[in-house]
Amino acid sequence: MKKPITRIIIFFLIFTFWACAARQRNILEANDSQVRLRSIQSRVFDYSDRNRMLRTVIATLQDLGFVIDDADENLGTVSGTKRSGYSLRMTVSIRSRGDAQLIVRSNAQFNLQTVDDPEPYQQFFSALSKALFLEAQKI
Amino acid sequence: MRLEKTIWIGLFIIWVSMHMMACQRGIPREALMFTPESLADRQLQTRVFETSNESKLLEASAAVLQDLGFTIDESEVKCGVIVCSKDRNVTEFYNIGLSVIASLFFIDYEYATRQKVMASLVTRPLEQNRITVRITFQHLVWDTEKDLIKNERVNEPEIYQEFFSKLSKSVFLTGHEI
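Line order of the protein sequences matches chains S and E. When we follow our numbering, the leftmost residue of the first sequence carries the number 5, and every step to the right adds one. When we follow our numbering, the leftmost residue of the second sequence carries the number 344, and every step to the right adds one.
By construction, these hints were calculated from the structure, which means they are not laboratory data. Bear in mind that the values here come from a model prediction, so they are computed numbers and not experimental data. Treat the hints with caution; some may be incorrect.
[As the list claims (entries may be wrong)] Now the stretches of chain E that chain S is said to cover, found in silico as 3 or more residues with beta-carbon under 8 Å:
1) 382-388
2) 457-463
3) 477-483
4) 487-498
[As the list claims (entries may be wrong)] Here are the simulated DSS-like pairs of lysine-lysine, each with C-alpha atoms no more than 25 Å apart in a straight line:
5) S:K134 to E:K421
6) E:K429 to E:K489
7) E:K348 to S:K7
8) E:K459 to E:K509
9) E:K509 to E:K399
10) E:K459 to E:K493
All C-beta atoms in this analysis are idealised placements derived from N, C-alpha and C, irrespective of residue type, glycine included.
Only chain S is shown next, with the shape it has when bound in the complex (with noise of 0.2 Å):
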């Protein structure tokens, strides 16, 4: 039978390791699909005009209480931060796919951690897209 100080010696080893791993995973985040986090952050729009939709995103992350903290018009980006006890920080993109279509793709921060969570992509789209369809209609 084993000491207890080679057992315990051995449990704080294996946590130090794990703590390295998680700390080199951080940088490129390998932890979850490309293809579905980029399934869960996109949505297309039928609407072609690129400047209409980055104010309606901007108007849109106002809405929901955001500060901007940077926008470009050419590279087609929008960047805000809500602070409410925690800070959600969230950059939304804008491309166009062909020429009747925008592809907006948002992706946000919790605190220090990335949201992967479905979830609050879909409220921000549902949000974005009651806007586009207020701007539509003119009220």
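Position chain E against the provided structure of chain S, taking the given hints into account.
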């Protein structure tokens, strides 16, 4: 043997608590949803100006932000966005006194010392020569130990009203509530 058992139980508790820490509280459900307050917030933070010149309105807004001591961090005229911030010392005189008294009793008295205010201003053209201006403020406050003690939106209506009254004067136009 008894000692070994106690150590193992201790280690198990450490292991469980480390896992609990790793699974921190996730993103709140309502973080990315419209809430009943969203509309009220929008009304508080938005004014409509009767003009068609968006870049002039942005220029005037930047000037007002500078008047208020903000420095511009980022701007994108094509999307009507200005991002600005300011860092300020918010130490209150009485807090220094209280901390001196507390230190006599060997108590650490921590109080707010530094504040960073961030704001984003966005213009959006409407039909019939009208443009909306929406501004949102957030602030971060640190205490003497450099710990973040406040991380939230600025909700005081007076701040928004004051900003828009200054902006109205600056553009010689009246901002209407939406």
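Problem set entry | Those earlier numbered hints the structure runs against, lowest number first | none
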